[in-house]
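Participant: Using our numbering, the first residue of the sequence shown is number 1, and each one after it goes up by one.
In short, the hints are calculated from the structure, not lab data.
Just to be clear, a hint being listed does not mean it is correct.
Taking lysine-lysine pairs in the DSSO-like style, the calculated list, with each CA pair at most 27 Å apart, reads [said to hold, decoys possible]:
1. K201 to K212
2. K203 to K22
3. K232 to K22
4. K212 to K22
5. K232 to K110
As the structure is a prediction and not an experimental result, all values here were calculated from the model.
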Amino acid sequence: MNILIALIPAIGWGIQPMIISKMGGRETNQILGTGLGALLVGLVTLLLTNMVTGAAFWMSLLSGAFWVIGQTGQYISFNRIGVSKTMPLSTGFQLVGTSLIGVLMFGEWKGAGARVFGFLAIALIIVGVLMTTVGEKSDGKDNSTMAAALTTLLPTTIGYWIYSVLPKIPLLADKSGMSYFFPQMLGIFLGASVYALVMSKGKAFSEAATWKNGIVGIVFSLSALAYIFSAKANGVATAYVITQLNVVISTLGGMFVLHEARRGRAMTFTLLGLLLVVVGSVVTAFL
1 MNILIALIPA IGWGIQPMII SKMGGRETNQ ILGTGLGALL VGLVTLLLTN MVTGAAFWMS
61 LLSGAFWVIG QTGQYISFNR IGVSKTMPLS TGFQLVGTSL IGVLMFGEWK GAGARVFGFL
121 AIALIIVGVL MTTVGEKSDG KDNSTMAAAL TTLLPTTIGY WIYSVLPKIP LLADKSGMSY
181 FFPQMLGIFL GASVYALVMS KGKAFSEAAT WKNGIVGIVF SLSALAYIFS AKANGVATAY
241 VITQLNVVIS TLGGMFVLHE ARRGRAMTFT LLGLLLVVVG SVVTAFL
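I would like the entire structure built from these sequences, with the hints used as guidance.
Facilitator: Right under this line is the structure:
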């Protein structure tokens, strides 16, 4: 049963990029719809648990708002280079950044051996990410599109780093994770609302595509909620490792469900690179 709980976030976050691609709309519709769905689940959870701590509320809300920055960059990248290319890149950037922050700020990977294996794991992730960018042939247009996507994806990933790091601060040290779930979802909604107000001058709030994308926020937040229960039942390391299946699901889904062309050597390098990203993430989880 515990493993089944652990699979929920892996599957949910894995199919999320495919759902967003099927729902359509502009990035403003997608991120605002995600925020609306997340707020709905957050409110229901708040009513059922009534778990919000005053000290952690504002930091948790800020954490959710920063998540919007990372997710917006991901949505933009989906439209530029596709899900199957974006997800390994985005996952790799997130893993490298959060791992290094964990070592530098929180003293993780204690001991020389742990650090050696940790940095080897990061090297594997970087190599894996680079392998997923290999195309079928050299194409100047493809290269320029990839470069444009990277200039958006890499800086916005900082939002994911902050989202992941803030709950580790002693102020937010809640082993259950439930006390910061609602404020994070609220932060996601507020951050998405600000983005939609600025980018669409408020039009996104009345567009049908926004409300359709609410399902994405529901899937994301239910998966995040399931991860909290999984970490408690299985341990953080095991729960985290299992969630890394999401990048496999989303990348393969992009290729075979969304029919994003990856053939020949591009397919081979993508699959091998994906394997390295997953292996690297598994190693970092157990250090």
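Participant: With reference to the structure, classify each hint as holding or not holding.
Facilitator: Do the hints match the structure? See the list:
1. With a CA separation close to 19 Å, the supplied pair K201 and K212 stays within the 27 Å bound.
2. At most 27 Å may separate the alpha-carbon atoms for a hinted pair to count; K203 and K22 meet this at roughly 21 Å.
3. Taking the CA atoms of K232 and K22, the gap is near 33 Å; set against the 27 Å cutoff, the hint is violated.
4. Between K212 and K22 the alpha-carbon distance is near 10 Å, which keeps this suggested pair within the 27 Å criterion.
5. Restraint check: the Cα-Cα separation between K232 and K110 comes to about 23 Å, which is no more than 27 Å; the hinted pair holds.
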